[in-house]
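Respectively, the protein sequence lines represent chains Z and B. For the first sequence, my numbering begins at 1 and goes up steadily by one. For the second sequence, my numbering begins at 1 and goes up steadily by one.
It should be emphasised that the hints constitute simulated quantities derived from the structure, not laboratory data. If you're wondering where the values come from, they're calculated on a predicted model, not measured in any experiment. Please note that the accuracy of each hint is not assured.
Identical copies carry no separate label here, and so any pair may be met within one copy or between two of them.
In silico lysine to aspartate or glutamate, EDC-like type, Cα no more than 20 Å apart, as pairs [said to hold, decoys possible]: (1) 54 <-> 27; (2) 186 <-> 147; (3) 69 <-> 183; (4) 186 <-> 237; (5) 149 <-> 193; (6) 212 <-> 44; (7) 186 <-> 68; (8) 69 <-> 184; (9) 90 <-> 147; (10) 212 <-> 237; (11) 329 <-> 183; (12) 212 <-> 184; (13) 90 <-> 245; (14) 47 <-> 27; (15) 77 <-> 38; (16) 69 <-> 182; (17) 77 <-> 273; (18) 122 <-> 322; (19) 90 <-> 316; (20) 186 <-> 56; (21) 87 <-> 273; (22) 329 <-> 200.
Chain residues, written in single-letter form:
Number of protein chains: 2
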Amino acid sequence: MRIVLDAMGTDARPAPDVEGAVLAAREYGETIILIGNEQAIQVELNKFDTSNLKIEVHHAEEQILMNEKPSLVMKSKPLSSIHLGMKLVKEGQGDAFVTMGNTGAAHAIATLSTLRRIPAVKRPALTAIYPIWGQETILLDVGANADSKIEWMEQFAVMGSIYAEKALARENPRVATLSNGEEEGKGNQLVREVQSRLRESNLNYIGHIEPKEMLRGTADVVVMDGYVGNIFIKSVEAAFSYLIDMLRQEIRNDIVSTMGGALARPAFRRTRDRMDPRGVGGAPLLGVNGVVIIGHGSSDAFAVKSAIKQAIRAVEGNVVAEIKQGLEKIVTETNA
Amino acid sequence: MRIVLDAMGTDARPAPDVEGAVLAAREYGETIILIGNEQAIQVELNKFDTSNLKIEVHHAEEQILMNEKPSLVMKSKPLSSIHLGMKLVKEGQGDAFVTMGNTGAAHAIATLSTLRRIPAVKRPALTAIYPIWGQETILLDVGANADSKIEWMEQFAVMGSIYAEKALARENPRVATLSNGEEEGKGNQLVREVQSRLRESNLNYIGHIEPKEMLRGTADVVVMDGYVGNIFIKSVEAAFSYLIDMLRQEIRNDIVSTMGGALARPAFRRTRDRMDPRGVGGAPLLGVNGVVIIGHGSSDAFAVKSAIKQAIRAVEGNVVAEIKQGLEKIVTETNA
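With the hints as constraints, model all of the structure from the sequences given.
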């Protein structure tokens, strides 16, 4: 297997990216193709013993920064590591593309200029994978499509279910819709209509769930409109930071608590590790014609390695072909 | 001032409700009218020395349970404590109505059968008041109106701004729209259109904010569609519980952390107190023709007292008249 890694993805590029590639090549034994500024990559690679590892370097003249506008760089930087990396996958020289870089740019470049959509797919979806009580739950769409349409969301459900089954090894994945209540009649018009469609699908659809249920791990796949999904993941993240900041402040506020906080540090660390999205590393952009895994810009080498692992699982699960087939089946059934 | 309190609101009715009324009557010196099952209320009242307090009891034959369907009980239980309590306010025998009971029922009964809307109001909004870093932020709509329209949300902004100024004593309140990003073009179609409207209003509109910014206290009023708002408040709540549950589990997981956790308990308690919605007690249903404050069913006496305080602030701030005037001004300006 050949995984193409954007070496210019993280905020501290290319050090964590290159180190992550080394760790992954060592642990998984697959070929990692680093794409980006060749010289900068070499400087980092020289810090490691890579003699027995399958690591290749491809030069990319340009790089896309985190705050650059996707619609602009998609056209203005055709030689970026994201463009060239995805092209390698398109041309069959790589099996998957992994980046910790600009999510919007990766989405735009994949969808509109390189890999493009799987023919039957109406809109690719950005996903997030939450490690909930040690079990992975995939959420989609978390930001690619504000004002999602019913048909798009129906496809998100199918794609998410296939990914959960094939890449996350979840048997007969439980698919739910995020809503503000489980009862009949809850939700907005969009999500209610998606519900009736999914009830008639052959997915293991379990109905609406609230955020509380989701964080209890009651579903394997949670479908939502991209606007709501993006606000959802940002709300959960913001709530975590808020609570932690406040706890930290209060722990420092009296000497006994400060001592207690110091003693309980291992517990805090374990909690952080269990919730850590770095264990998952990245999540797939589903619906494009190739495996694309996108992680956080703040990723360290460990997170980069995990994202590469995620890509390996997606390739092994043959998710792109499965999605093609799964969606065609729906189209056939609908037309039957 | 005369505050009507639903004595049958909390899950443990009527004990916390009655005790909250006693605490409030003692602390604020205002008249509290307890409405509900007279006998049950008296049993609780007898536990306190109420000799110098202005507490009255009004009997209500029926009570509405937490899980009852608003649209049903609105018609089937015309003698409920919510119906009769709101009628007292409508008839001028009370200045505000406070309940810890069924939110949907309170909304339906206020809007459709007793107080009704302020004439210019298109849709009343449920609000939440967050104590963010010690400063109150009002969010609306948090659940009354899934599929909100632009004009409704524009009114939410006006009503929220008036409440923040008049009841929460915030000067020139900063009004924001909740979105998935601050940049131009972020958001869904609805929130983008609301943004252009608010930019042209005479409110102190500061633009879109993300959940992160909201929890930093960058706005006093945050406007959102009722579906998104309801998911937002539920997500934040779910994220807090999830993190706390996990921390608790990890703290118990080794003996040193357990000791540390015990020592740091005061810090945990202070954190909980600072985030505690009980300090706010309840939040207004804005847009109905009278002050209505709704709190949580799980409220204790302290939270009930705080909700009564919230009602007193709303009455003192003359918010209903201010909203009438504020919305008429918009209508006049729009037609000018």
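Status of each hint after checking the structure:
| no. | hint | verdict |
| --- | --- | --- |
| 1 | 54 <-> 27 | within (11 Å within a copy, 74 Å between copies) |
| 2 | 186 <-> 147 | both (19 Å within a copy, 11 Å between copies) |
| 3 | 69 <-> 183 | between (41 Å within a copy, 11 Å between copies) |
| 4 | 186 <-> 237 | between (25 Å within a copy, 19 Å between copies) |
| 5 | 149 <-> 193 | both (10 Å within a copy, 19 Å between copies) |
| 6 | 212 <-> 44 | neither (43 Å within a copy, 34 Å between copies) |
| 7 | 186 <-> 68 | between (39 Å within a copy, 15 Å between copies) |
| 8 | 69 <-> 184 | between (41 Å within a copy, 11 Å between copies) |
| 9 | 90 <-> 147 | neither (29 Å within a copy, 41 Å between copies) |
| 10 | 212 <-> 237 | both (15 Å within a copy, 8 Å between copies) |
| 11 | 329 <-> 183 | neither (30 Å within a copy, 39 Å between copies) |
| 12 | 212 <-> 184 | within (18 Å within a copy, 32 Å between copies) |
| 13 | 90 <-> 245 | neither (44 Å within a copy, 45 Å between copies) |
| 14 | 47 <-> 27 | within (18 Å within a copy, 69 Å between copies) |
| 15 | 77 <-> 38 | within (17 Å within a copy, 75 Å between copies) |
| 16 | 69 <-> 182 | between (38 Å within a copy, 14 Å between copies) |
| 17 | 77 <-> 273 | neither (37 Å within a copy, 51 Å between copies) |
| 18 | 122 <-> 322 | within (16 Å within a copy, 48 Å between copies) |
| 19 | 90 <-> 316 | within (17 Å within a copy, 67 Å between copies) |
| 20 | 186 <-> 56 | neither (52 Å within a copy, 38 Å between copies) |
| 21 | 87 <-> 273 | neither (35 Å within a copy, 54 Å between copies) |
| 22 | 329 <-> 200 | within (14 Å within a copy, 50 Å between copies) |
Hint violations for this structure: numbers 6, 9, 11, 13, 17, 20 and 21, all remaining hints satisfied.
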